[in-house]
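Asker: Given the coordinates of chain A, assemble chain B with the ligands onto it according to the supplied hints.
Chains as they are written, first to last, in this note's numbering: chain A, 1 to 200; chain B, 1 to 752.
Just so you know, these hints were derived from the structure itself, not from any lab. As the structure is a computational prediction, the values presented were derived from the model and not from experiment. Treat the hints with caution; some may be incorrect.
[To be verified] Calculated pairs, DSBU-like style, for lysine-lysine (alpha carbon to alpha carbon, straight line, at most 30 Å):
id	chain 1	residue 1	chain 2	residue 2
1	A	K162	B	K662
2	B	K608	B	K724
3	B	K608	A	K162
4	B	K608	B	K413
[Stated by the list, open to error] A partial selection of chain B residues facing chain A, derived with a Cβ cut-off under 8 Å:
id	residue
5	D60
6	Y101
7	P102
8	L200
9	G463
Note that CB positions come from ideal geometry on N, CA and C, so glycine has one too.
Take a look at the letters that make up each chain.
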Amino acid sequence: MSEERLRVSRREVLKGAAGAAAWLGVPAAARAEGEERAPSWPGIRRLGPGPTPLSFRLNGEAVTIEVTPRTTLLDALRGPLGLTGAKRACDRGACGACTVWIDGRTANACTVLALDVDGLAVTTVEGLSSGNALHPVQEAFVAQDALMCGFCTPGMVMSCAKLVERGAVDEESLREGLSGNLCRCGAYPHIFRACQEAQR
Amino acid sequence: MSQRTLELGFSGHSEERRVEVPPDAPPPWDLRSDLKVAGKPHPRLEARLKVTGAARYTADQRLPGMIFAGAVRSPHAHARVRRLDLSRAKKLPGVLYSEAYPQREVRYAGQAVAALAAESEQVLDDALALVEVDYEVLPHVVRTEDALAEDAPAVAGRRNVRQGRGMRRGSLRRVEEAHARADVVLTREYRTQVQTHTCLEPHGSVARWEGDRLTVWASTQATFAFRQTLARALGISAAQVEVITEHMGGGFGSKFGADAWDVFAARAARATGRPCFFMLDRRAEHLVAGNRPDSIQRCTFSVRRDGKLLGAQVTSHGTAGLGRGAGVLNPAIYAFEATYSDQYDVLTHAGSARAFRAPRHPQGVFALEGMLDELAEAIGMDPLELRRKNDPHPVRQAQYDVGAEAIGWSRRKPSGSSPGPLKRGLGVAAARWAHNARPGTAVRCRIGRDGSVLVANGSQDIGTGTRTILAQIVAEELGLPLAAVEVRLGRTRDPYGHGSGGSVTAPSIAPPARRAAYACRQRLLAAVAAALGCEAESLSLREGRVHGAERELSFAAACGLLPTESIEATATGGPEDMSYPSFTREVAGVQFAEVEVDAELGTVRVVKVVAVQDCGLVANPLLARSQINGGVLQGISYALHEERILDARTGDMLNANLLDYKILGAREVPEIVAIPFSVANGRTSTGMSSLGEPPTVPTAGAVANAVANAIGARVRSLPITPEKVLAAIAEAERTRRASDGEKKKKKKKRIF
Ligand code: FES
Ligand code: FES
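Next up, chain A with everything else stripped away, as it sits in the complex (with noise of 0.2 Å):
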């Protein structure tokens, strides 16, 4: 799936949705109201603004559910989904605490919208473990303590997994690799830590 896609940003989505108005010289309101009344296009799909259908992959298992377009990844998990690993703490793409994969890539599901993954894979960080046994990275947070609190945890661990995938763990890559993942507590040095020892 193409990156261009995942890089919209529901910011992007609203201004888009406000130039095409404009531009249509329909009124917002009319068109929240009226699906008849919006124009279409050959070959563009009209989603919404109702509940409309979505699959993709997640944690490997295949899943279709409804959501209306405005809902995001985040709350398409952690609601209809039932998972909460997954944290909303800004809503807005700062913290972090929402991170996820998409076909591979970490991703803050509160600013994806829940429409934009229809046909990809989403990993959470249930996903990540497998049965009993800790990726690498958890286990490694768990013996260094890499948490206080805990409520950054699942997206620094997601963050985390991608960098020690990557080989990404001296100093500066983790800096800069975990510069999207916001910490309270000040976990950090155990985090930096327990990536070191989950590369080894």
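Answerer: Frame of chain A; chain B with the ligands shown alone:
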């Protein structure tokens, strides 16, 4: 009573004390205790749940039929609500419950004027946008110095400046006498900013009624206080309410009693017959959920040329918004001959302050430690030497040596002598805290005939590791491995525990946990003795086995001999465990910081921090290091990055989100050498001291002193931003040139 001799103190500095140990109580642990589980670096018990995402926080509760609540908040700092119309919102399908608060005036941006509950979060968002409010904007004042002005709008009552109880201390006359005897007297103004708690998990709760019984999952650091305040607000008895806090995502002092939103959730749940979820969003977190007050501290300190500190006089003003409690801890720590402080709360149109990790301390210590360095500079003395000369605490005296060695203090150069644009500097500052072991916490220990051990207390683990420490204490007392002990925390149906404030939790919960386990142990051994026909005194419990004179058996086999299904004991922390004479009166700590300042860009990078922290007897060195790291990092964040910015014109917060309210992130993490410093103070039977708060007390002071050492100019205002650094350098430059000019003029005069 039995007599015991304890060895108290710390390595290289200990003494023997005789104490009376009450019957039914275990003798206090001291330097000679050979502990097997307690004091060892065990990973925290709930770590596995937290790394797999299985830990359920309040925000993760998903109850069948649950509805969602939110509030409409004023964008104005001060306004009259002329019209409040919920009719369009209420007509929206899926809106189930609402309340309007048509109070005459809103007095801070973020104050709720209405709240709604709806079928889903999306319906809720739509409905909140449909609430119509007409505001008549009134004059406001949001900045401390503006509120001090004669003609400032009155925030509440006539005067914006208030002095609470205990905010004037010491003797002005004696301080003035001390100043008169001094070689150097300096007057300086130090300022600190408002900081918001920024817990990663927002405030809030989920409420569910079953008949007249209410269950609330709450993100709180005080389950029992939460239950009490919620019950009172709802007009029901606390016995009808069960509060559950299995895991919580940070509190830092901002999450004690139930808040307005929690009360709303309970009412909405009662009215609709469905569970109700109300968590704040990030903007509300910054505006309404508490903050650390700011301060303007005018300090006049004096010193004798030989380094004896004489007088310390502080006048301080700070704002806790509409709340109170903006005092600072200054002067303190050092043995001044005389002190006087006069402190004031300044009311502003802003959200109320709440306790914030070591209330009053970091802001006061920043100014205090800055003044010490300025005095040291003035008399040409090494700043560490000045502290050693005036610090009465025996533990800190030892810690200075440990810390100085670890940071390499001997490398410190005279301030401003670092060449080139990248300048290095070193700074030091001290911490203090009270030994906050508080009586009243109750712990229940139960041993089952199947060999199971369960420890229960109703208070919460705020993230410090209380669960793990409890298990360690009980495992130690029963001679078991940690894994054999199960701990249940965070349910108010279990025995009482204090809120996590004042760093009381571990020191207060450990002694009764130990005594409850001790009681169970005595009873288990009595049962075994009866079954084996020997004396209970001849039996001992260690390494998971009961050892007798002739034979031994496993713990599980011993439990199998119990005459009842289980034995159980509940102990409440009280005089029998926590009022032995203490070796020290206060918890001590010192921190050393090394910084690198880019003198061209004004940026500050903390390179290294050494934190030597008195922990009492260290409960768990792994967790202790986490606490110390966390305190240091929050301290650096406070020193360099964080600041709530209220717009003087609109009164609204300009950075009420995690992008613009900058907290320290991975990029800014320095090397931290966290040194848990073990002191057997003997005060309680388990010897643990308060640890959550003290490590954040001195950091900003140490960093600021290191910056001054690097650039030869002092930034007396937090956060230390590049702008302030450049201004301080320019100012120092101007002063230098002016004085050089003077010297040249003088020289010229002499020539001619
Ligand atoms: S919740 Fe998604 S980045 Fe903060
Ligand atoms: S452990 Fe609390 S936010 Fe990271």
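Asker: Each hint: holds or not?
Answerer: Right, here's what the structure says about each hint:
Annotation: proposed proximity of A/K162 to B/K662 holds, straight-line Cα distance about 25 Å (limit 30 Å). Our distance criterion of 30 Å between C-alpha atoms is met by B/K608 and B/K724, whose separation comes to about 22 Å. Between the alpha carbons of B/K608 and A/K162 the distance comes to roughly 27 Å, so the proposed pair stays at or under 30 Å and holds. The hinted pair formed by B/K608 and B/K413 meets the criterion: a straight-line CA distance of about 16 Å does not exceed 30 Å.
For the restraint placing B/D60 at the interface with chain A, the shortest Cβ-Cβ distance is roughly 4 Å, inside the 8 Å limit, so the hint holds. Restraint check, B/Y101 versus chain A: the minimum CB separation of about 25 Å is more than 8 Å; hint violated. Annotation: B/P102 was flagged as interfacial toward chain A, and the flag is violated, the nearest CB pair being 28 Å apart, outside 8 Å. Contact between B/L200 and chain A, as hinted, is supported at the beta carbon level, the nearest pair being about 4 Å apart and thus within 8 Å.
Annotation: interface hint on B/G463 holds; nearest CB of chain A at approximately 3 Å, less than 8 Å.
Checked against the numbered hints given earlier, this structure breaks hints 6, 7; the rest are met.
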